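Undergrad: Sequence:
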Amino acid sequence: MTDADQIIDALRSGHDHLAALVRGLPADDLTRRSGAADWDVSQVLSHLGSGAEIALATLEASLDGAAVPGEDFNKEVWARWDAMSPAERAAGFLTASEALVARYEGLDARTRKELRIVFGFLPAPVDVTTAARMRLNEFALHTWDVEVAFDPAATLAPAATEPLLDQVSMFLGFITKAEALNDRPVAIAVRVTSPDRSFGLSVADAVALTDEPAQPDAVLSAPAEWWLRLASGRHAAEHTPATVTLTGGKLTLDDLRGVFTGF
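Per this note's numbering: the sequence shown ends with 263, consecutive numbering throughout.
Simulated crosslink set (DMTMM-like; lysine to aspartate or glutamate; CA at most 25 Å straight-line):
| hint | residue 1 | residue 2 |
| --- | --- | --- |
| 1 | 113 | 98 |
| 2 | 250 | 205 |
| 3 | 113 | 60 |
| 4 | 75 | 98 |
Quick list of simulated restraints, FRET-style, between CB atoms:
| hint | residue 1 | residue 2 | range |
| --- | --- | --- | --- |
| 5 | 99 | 197 | 32 to 42 Å |
| 6 | 32 | 114 | 42 to 52 Å |
| 7 | 221 | 63 | 39 to 49 Å |
| 8 | 193 | 215 | 17 to 27 Å |
Everything labelled a hint here was simulated from the structure, so no lab data went into it.
Predicted model, so just to flag it, every value in this text is computed and none were measured.
Backbone N, C-alpha and C define an ideal beta-carbon position, used for all residues, glycine too.
Required output: the full structure, derived from the provided sequences and hints.
TA: Right, here's the structure in full:
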C-alpha cells in the first residue's frame, strides 16, 4: 500500500465515522459549542463541507489541466455555506465530503503517483499524497472538534494519527509562539505512543523539531494523537489524558500550551 492509498483509506474511514455521527444528531445538537473556538457544530461541518467542495473543484481542474478556481470561487462557496441553516450545513457536509472522498478513491494507481495538484496558496504543485494528507489533517482535527462537543475524552482517529505525524513540521511557523517562554531556550525530548516515535523539540528564537536531545531540559511523554492536538492548539487540560507527562522541572504543560497557539 502506498502513502496515497493509506491516506485515502483514512479519509474514507474518517468520513464514514463522522457521517454516522452527524446523521444521528438532533437539531439542537447542531448548535452546540464545538471544540473550535467561536464555532458551533454546524459551523464546523460547514467548514468541512465548503472545504470539500473547494478541494474537489481544485482536484478536477488539475485532472483536466484547467485553471484552478480562484479566490472569487472560494468566496462564493463560503458565502453560500454561511447562509445555510444548521440542518442544511449538516446535510451539505454529508454530500460534499462523500463526493471528495469518492473522487480520491476513483483515482487509479498511475494518477495517484503522477498527478500534480495546484493550490493557489502553495508555491508549487503537490502530489496526491500531499493534497490528501492536507485534507486528512483538516478533517481529523475538525472531527475532534465535533466529537468533543459530546465527549470531553474524544481522541483523534487512529487511522489518521500516523500519517499526520510527519506533517507537524510543515506548520510550526504558523502554530507556535517561541516568545511564550520569555527567552528561555529549552530542548525537549518528545516520546509518543501509538505509534511509537521519539524526537526533539527545540524552543529558542523559533520552534523546531530536531533529533532527540542527549541531555534534554524536559521529557514529554504522550499519546501521538495528543501530540497532534497539542500542535494544533487542542490541548486544554480538560481534554488532556492522564498519560501525558512532562518531567524535568524546567517548564510545565501550561508553558508548552502557551508555545502551541494553534491556527
